[in-house]
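Colleague: Sequence:
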Amino acid sequence: MWTTLLLLVALGTLALGLVAHRLLAPAGNPFARPPPGPPRPLVTDPRARDKVLKRGFSTHRVPPELDAVVIGSGMGGLAAAGTLAKAGKRVLVLEQHDQAGGCCHTFQERGTEFDVGIHYVGQMHEGSMLRVALDQLTDGQLCWQRLPDPYDEVCLGPRRYQLRAGKAAFAAALEEQFPAERAAIGEFMRLSKAAGVVGTRVMVVTRVMVAMVGTWVMVGTRVMVATGVMVGTRVMVATRVMVAVVGTWVMVGTRVMVGTWVMVAMVGTRVLGTQVVLGSRQRQP
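Reading the sequence shown from the start, the letters are residues -17 to -1, 1 to 268 in mature numbering (1 follows the signal peptide of the UniProt record, and there is no 0).
None of these hints come from the bench; they were simulated from the model.
Please note that a few of the clues may not be correct.
[To be verified] SDA-like cross-link-like pairs, simulated, lysine to any residue; straight-line CA separation at most 25 angstroms:
1) LYS69 <-> GLY59
2) LYS34 <-> PRO17
3) LYS72 <-> ARG114
4) LYS72 <-> GLY123
5) LYS72 <-> GLN128
6) LYS34 <-> ASP50
7) LYS72 <-> PRO47
8) LYS37 <-> VAL52
9) LYS69 <-> ASP50
10) LYS37 <-> PHE14
11) LYS69 <-> HIS108
12) LYS34 <-> GLY55
13) LYS34 <-> GLY123
14) LYS150 <-> PRO19
15) LYS150 <-> HIS102
16) LYS176 <-> ARG165
17) LYS37 <-> PRO47
18) LYS150 <-> ARG165
19) LYS150 <-> GLU109
20) LYS34 <-> ASP118
21) LYS176 <-> VAL104
22) LYS69 <-> LYS150
23) LYS72 <-> THR42
24) LYS150 <-> GLN128
25) LYS69 <-> PRO18
26) LYS69 <-> ILE54
27) LYS69 <-> PRO46
28) LYS150 <-> TYR134
29) LYS150 <-> GLN91
30) LYS37 <-> GLU48
Take these sequences, add in the hints, and give me the full structure.
Modeller: What follows is the structure in structure tokens.
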């Protein structure tokens, strides 16, 4: 069994390497060059924006010879469509709402603009993997502003617990507010780091080689199936420490009881800082 599995992994890795070499060669990699230039002036005229974001569906507008149809214009759909378009594919994006953007879009009510869902984004510092990816997908049109420190505060009744950016500062702030939990906080940070590493690898494997080893890895990796509450209660003595750490999970829109440890760790410990889009969400779609 193990010999067969290792052989499949080796063959899959070889095939992936050949595909990556073909795609990432200078002539075939649409992301080989940096974004074309600085951000263009922000378009604030509603009518000009509606011509792009509110194009009603009509069969006459569907271009011929499409390579792909993306259903849904949220962040995932637009990222997939943008990547395919940069690779030279003809892509059609369909959206059931009256405008594109998903959680990135805005709306106006009595002259005031409101954002739908985006709060702040972690690990968007200069040079990070997420920042490079978004700069490429948006041609560098998003400007990011780092939030002041502390970047968030968790309120438990009259008590307020501050969350700070930076690995050392994040842990130090927790230890200062919970001095009796120093050992538990250190273990929590260690497990968070491990969860991030394992989670990234597993997500890559399950998408690239899912037919070969994806199911085996997902079932065999305990860190992926454990919930955040399961791990947190085993590490933390005081429940309020765990609540303070994962307090920002409310922005995910689900109960922390059902969140996997990998996701809880990544959301709860934005140790590299948080950023918001500078100026307006209008740049995002």
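Colleague: Next step is simple, just say for each hint if it's right about the structure.
Modeller: Outcome of the hint check:
With a CA separation close to 15 angstroms, the supplied pair LYS69 and GLY59 stays within the 25 angstroms bound. For a cut-off of 25 angstroms, the pair hint linking LYS34 to PRO17 is broken: about 28 angstroms separates their Cα positions. Taken as a hint, the LYS72 and ARG114 pair is honoured in the structure, with Cα atoms around 24 angstroms apart against an allowance of 25 angstroms. Note on LYS72 and GLY123: the hinted pairing holds, with a Cα-Cα distance of about 21 angstroms set against a maximum of 25 angstroms.
Among the hinted pairs, LYS72 with GLN128 is inconsistent with the structure: their alpha-carbon atoms are about 33 angstroms apart, more than 25 angstroms. Pair hint LYS34 plus ASP50 holds up; C-alpha atoms about 24 angstroms apart against a cutoff of 25 angstroms. Proximity of LYS72 to PRO47 is assessed by CA-CA distance (about 12 angstroms); at most 25 angstroms being required, the pair is judged to hold. Taking the CA atoms of LYS37 and VAL52, the gap is about 18 angstroms. The hint holds against a cut of 25 angstroms.
Taking the CA atoms of LYS69 and ASP50, the gap is about 13 angstroms. The hint holds against a cut of 25 angstroms. Annotation: proposed proximity of LYS37 to PHE14 is violated, straight-line Cα distance about 28 angstroms (limit 25 angstroms). Proposed proximity of LYS69 and HIS108 is supported: the alpha carbons are some 24 angstroms apart, at most 25 angstroms. For the hint pairing LYS34 with GLY55, the CA-to-CA distance comes to about 18 angstroms; that is within 25 angstroms, so the pair holds.
Pair hint LYS34 plus GLY123 holds up; C-alpha atoms about 22 angstroms apart against a cutoff of 25 angstroms. Only pairs whose Cα atoms come within 25 angstroms are accepted, and LYS150 paired with PRO19 is rejected, the gap being roughly 33 angstroms. Proximity of LYS150 to HIS102 is assessed by CA-CA distance (about 21 angstroms); at most 25 angstroms being required, the pair is judged to hold. A hinted pair counts as satisfied when its Cα atoms are at most 25 angstroms apart, and LYS176 with ARG165 qualifies at roughly 17 angstroms.
As the CA atoms of LYS37 and PRO47 are separated by approximately 21 angstroms, the hinted pair is consistent with the 25 angstroms bound. Distance restraint check for LYS150 and ARG165: the Cα-Cα separation of roughly 15 angstroms lies within the 25 angstroms cut-off, and the hinted pair is therefore satisfied. Between LYS150 and GLU109 the CA atoms are separated by roughly 17 angstroms; this keeps the pair inside 25 angstroms, and the hint holds. Between LYS34 and ASP118 the CA atoms are separated by roughly 24 angstroms; this keeps the pair inside 25 angstroms, and the hint holds.
For the given pair, LYS176 sits about 18 angstroms from VAL104 by alpha-carbon distance, which is consistent with the 25 angstroms threshold. Only pairs whose Cα atoms come within 25 angstroms are accepted, and LYS69 paired with LYS150 is rejected, the gap being roughly 36 angstroms. Proposed proximity of LYS72 and THR42 is supported: the alpha carbons are some 20 angstroms apart, at most 25 angstroms. About 19 angstroms separates the Cα atoms of LYS150 and GLN128, which keeps this hinted pair within 25 angstroms; it holds.
Only pairs whose Cα atoms come within 25 angstroms are accepted, and LYS69 paired with PRO18 is accepted, the gap being roughly 12 angstroms. Only pairs whose Cα atoms come within 25 angstroms are accepted, and LYS69 paired with ILE54 is accepted, the gap being roughly 18 angstroms. In summary, the hint linking LYS69 to PRO46 is supported, as the alpha carbons are separated by about 17 angstroms, within the 25 angstroms threshold. Taken as a hint, the LYS150 and TYR134 pair is honoured in the structure, with Cα atoms around 13 angstroms apart against an allowance of 25 angstroms.
Taking the CA atoms of LYS150 and GLN91, the gap is about 38 angstroms. The hint is violated against a cut of 25 angstroms. With a C-alpha separation of about 23 angstroms, the suggested pair LYS37 and GLU48 falls inside the 25 angstroms cut-off, and the hint holds.
In this structure, the earlier hints numbered 2, 5, 10, 14, 22, 29 are contradicted, and the remaining ones agree with it.
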